[in-house]
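Sequences are here, hints too, so could you generate the full structure?
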Amino acid sequence: MRVAVIGAGAIARRGHLPALKKLDGVEVRAIVDTDEDLAKKVAREFNVPSYFSRYEEALDRESLDLVDICTPPTVRLPVIEAAAEAGKHVLVEKPLALSVQEGTRICEVVSRSGVKLNVVTNYRHFPAVLQAKRRISGQRIGRIVTMHSLGSSQFPSEYTRGTWQYNEGGALFDFGPHVVDLLMWFARTPVRRVAAFGGDLTRGDMGFLTFAQLLIEFDNGLVATVDLSWVTGIFRFTVEIRGTGGHICLDVRNDASLELRCFHTPIDDARAFLRRVLGVSKGVIDGTYFSGANLFYPVLIKKFIDSVRSDSRPPSPGEQGVAVVAVLEAAQKSIREGRPVFVEELFGQHSLYDSVRQAFGNDQP
Amino acid sequence: MTSPVAVVRSGYGDAHQNLERAINLLEPLQLASHSSVAIKINMCSARTAETGAITHPLLLDALLHYLREHYEGLRIFVVESDATVVHADMFIKWLGYLPILERWDASWVNLTREPIIWQKIAGLKMKEVPVAKILDGAFLITVPKLKTNLLTGITCCLKNQFGCLPMIDKSIYHPHIDDVIVDVQRAMRPEFCVVDAIIAMGGVGGPGAGVPLPLKTILCGSDPVAVDALGARLLGFSPWLVGHIRKAAFCKIGSIRYRVIGDPLPKVNVEINWAEMQLLKLASSIQMRALLRSRRAWRKLNR
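One line per chain: the protein sequences are X and F, in this order.
For the first sequence, this note's numbering assigns the number 1 to the initial residue and increments by one for each residue that follows.
For the second sequence, this note's numbering assigns the number 1001 to the initial residue and increments by one for each residue that follows.
Keep in mind the hints are simulated off the structure, nothing from the lab.
It is possible that some hints are incorrect.
When the alpha-carbon atoms are kept at most 30 Å apart in a straight line, the in silico DSS-like pairs for lysine-lysine are as follows [claimed, not checked]:
| no. | chain 1 | residue 1 | chain 2 | residue 2 |
| --- | --- | --- | --- | --- |
| 1 | X | K133 | F | K1216 |
| 2 | X | K22 | X | K302 |
| 3 | F | K1267 | X | K133 |
Okay, structure coming up:
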């Protein structure tokens, strides 16, 4: 599998390139970045034979099977279009797009070109998250009634020089895609409407959301809350899934979970605390703890490559990416207009609406 | 002597076909001498069916469908009684049974509100058992949920019949629960058993708050002891170590030896932490004794 990585920023260097280098049968042929010096430096660092400052050059001159797009979402659409039209499969960072309109256009191009597209959903691969998914599918907590999630991340300037996040959506589109993706993946049912509140809590004039609270109503009556912020100075990603047969409390970043039934006792807490301390200590000792979700790029990319080779459905196809973007855009619109927004409004009469609705499955109550 | 127990793999969607298949594996139901059928469900708490805590309404639907299809003119009652934590008249509405009863022209009967007769027995603990008049002469089918139970190890057909006792405060029998369960069978032994193990319940939190176990299985038989013995095995218990099953076998309520006919048995991790179960059992027995002592003291005070 011959790959070109487009965008040589932090996520390419920390996540995608180390993962691609680890995989058997994968050859990184080129790196592209508008900053040619950076492209050259990263190509040297990862022992990649060629580098370019324009993606068109890479697509013309290199013989490629897959294009791994790590550019900001603001400049992603033309890259995906060019890659798909050149017959290359596409792996794309989250969020797939910043609007439903862009997302559906991406899906159309990909479908027309007959290539496969997969959106990065690396938080799905934490063992505790996979275990929660298995438990939900195995009906261990009955039918999900509510979910409560917290995606509190640091201000982006603390970990990236990128500036794409500082658009109107702010915190919503930065960490929101990971949180909403997990909720929809667990719920396996389409979202009906979103009511959101949010704004900028700093006293300056940032002009984008630094915090947002979402209330998401799914088609089967399930309700989820999402609390996103950049301004609480803490990195925490938790999801509490409350079912008729039990609760699962997930601490995603620390890869820990607690399953509760009947009474929540100190014994449950002590047991969960011990498990978490042991898990984190093990991660610190072997160094994996500090990689966080970057640790799961190899498995994520491998699964996508396997789906390309076997011509099967990618693990997180474009329609799922659009479904997530639709929730985020509905939240953004809800904050702007001060009313709950039906997801359907964003699609109008678009023919992709049905397949986006079914993207995560269709669990009936 | 061994008793046959039919095992069929099933979901709720195809429960009707599979239940029919299970019943056909056994001898036909001896309904000719009865004008009415009473179906005892398990409705032990206000928890929805997918939690594995109550008899699933869709299995009841399948059973009623079968009875209406094969027997004409039957009067069918679905019965349950109030208990310390059960408001049967409300639960039957809340948990979605009423439309099913209406569909198959079956009546709902709360045994606590029915006139009773005292039936004399030579029991292990009881000398007479209060039996709702409506059960007198009825063909009794028990439709329990297969679950773990902190008090008795497991709850299935035999324990489900304990719920036929019409009094609300059944917990007074808990200190002698195994004996009382056996005594109840002498007056209200089910003539046929249909066990809902499609989603059973495991773990130490049973019977109300255990782990839902998708065993995807229906068990049927006319010997409640044999059916319970198989149910105990499925949940990881030796039937000989479950007090009420062992005692029921000794009292010749039925045979603890069973013969499986039909589909292969499901294999599932029943998730029981035995140490935790013993600890909780001890705590529950201390709590029960304290409760009974305080009740006695309260009565003495008010005398």
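Cross-check of the supplied hints:
no. : hint               : in the structure
1   : X:K133 <-> F:K1216 : 20 Å, holds
2   : X:K22 <-> X:K302   : 10 Å, holds
3   : F:K1267 <-> X:K133 : 21 Å, holds
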